[in-house]
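Q: Sequence:
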Amino acid sequence: MTYVIAEPCVDIKDKACIEECPVDCIYEGARMLYIHPDECVDCGACEPVCPVESIYYQDDLPAEYSEYSQINADFFTELGSPGGASKVGLTENDPTAVKNMEIRAEAT
Numbered sequence: 119m120t121y122v123i124a125e126p127c128v129d130i131k132d133k134a135c136i137e138e139c140p141v142d143c144i145y146e147g148a149r150m151l152y153i154h155p156d157e158c159v160d161c162g163a164c165e166p167v168c169p170v171e172s173i174y175y176q177d178d179l180p181a182e183y184s185e186y187s188q189i190n191a192d193f194f195t196e197l198g199s200p201g202g203a204s205k206v207g208l209t210e211n212d213p214t215a216v217k218n219m220e221i222r223a224e225a226t
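Residues 119 to 226 in the working numbering are what the sequence shown lists, from first letter to last.
Rather than coming from a laboratory, the hints here were simulated on the basis of the structure. Please note: incorrect hints may appear among the correct ones.
Stated by the list, open to error - List of simulated lysine-lysine pairs, DSS-like, C-alpha gap at most 25 Å:
| # | residue 1 | residue 2 |
| --- | --- | --- |
| 1 | K131 | K217 |
| 2 | K133 | K217 |
| 3 | K131 | K205 |
| 4 | K205 | K217 |
| 5 | K133 | K205 |
Said to hold, decoys possible - Label pairs and their computed distance ranges (CB to CB):
| # | residue 1 | residue 2 | range |
| --- | --- | --- | --- |
| 6 | Y183 | E138 | 18 to 26 Å |
| 7 | T209 | A134 | 17 to 25 Å |
| 8 | A181 | T214 | 15 to 23 Å |
| 9 | E138 | G207 | 12 to 20 Å |
| 10 | P166 | D142 | 14 to 22 Å |
| 11 | V141 | E220 | 26 to 34 Å |
Backbone N, C-alpha and C define an ideal beta-carbon position, used for all residues, glycine too.
Produce the complete structure using the sequences and hints provided.
A: Okay, here's the thing in structure tokens:
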């Protein structure tokens, strides 16, 4: 299992979790952040620093965010396992479900 970032992150991308991650496994898409399931070491350092409470242990995802486990995995289908988010930087690789979401008012 791994940690998953869910809908509250869309268009917010606070990035406090990136600073806390000891293994550089949190990648930045155009509209939200994603945790690489193969690079995450399940330390949980990211979860308590998220100001919008968007990070959940995969088994603890609330029902309303259950699709984010697959959305998170889909982000890495094309990207693969580059071995660290800092090697990649910002990508426009958001899955279709995230790209098609209405833009949040807080982001404008």
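Q: Each hint: holds or not?
A: Cross-check of the supplied hints:
no., hint, result
1, K131 / K217, "14 Å, holds"
2, K133 / K217, "19 Å, holds"
3, K131 / K205, "18 Å, holds"
4, K205 / K217, "23 Å, holds"
5, K133 / K205, "16 Å, holds"
6, Y183 / E138: 18 to 26 Å, "21 Å, holds"
7, T209 / A134: 17 to 25 Å, "20 Å, holds"
8, A181 / T214: 15 to 23 Å, "22 Å, holds"
9, E138 / G207: 12 to 20 Å, "18 Å, holds"
10, P166 / D142: 14 to 22 Å, "19 Å, holds"
11, V141 / E220: 26 to 34 Å, "33 Å, holds"
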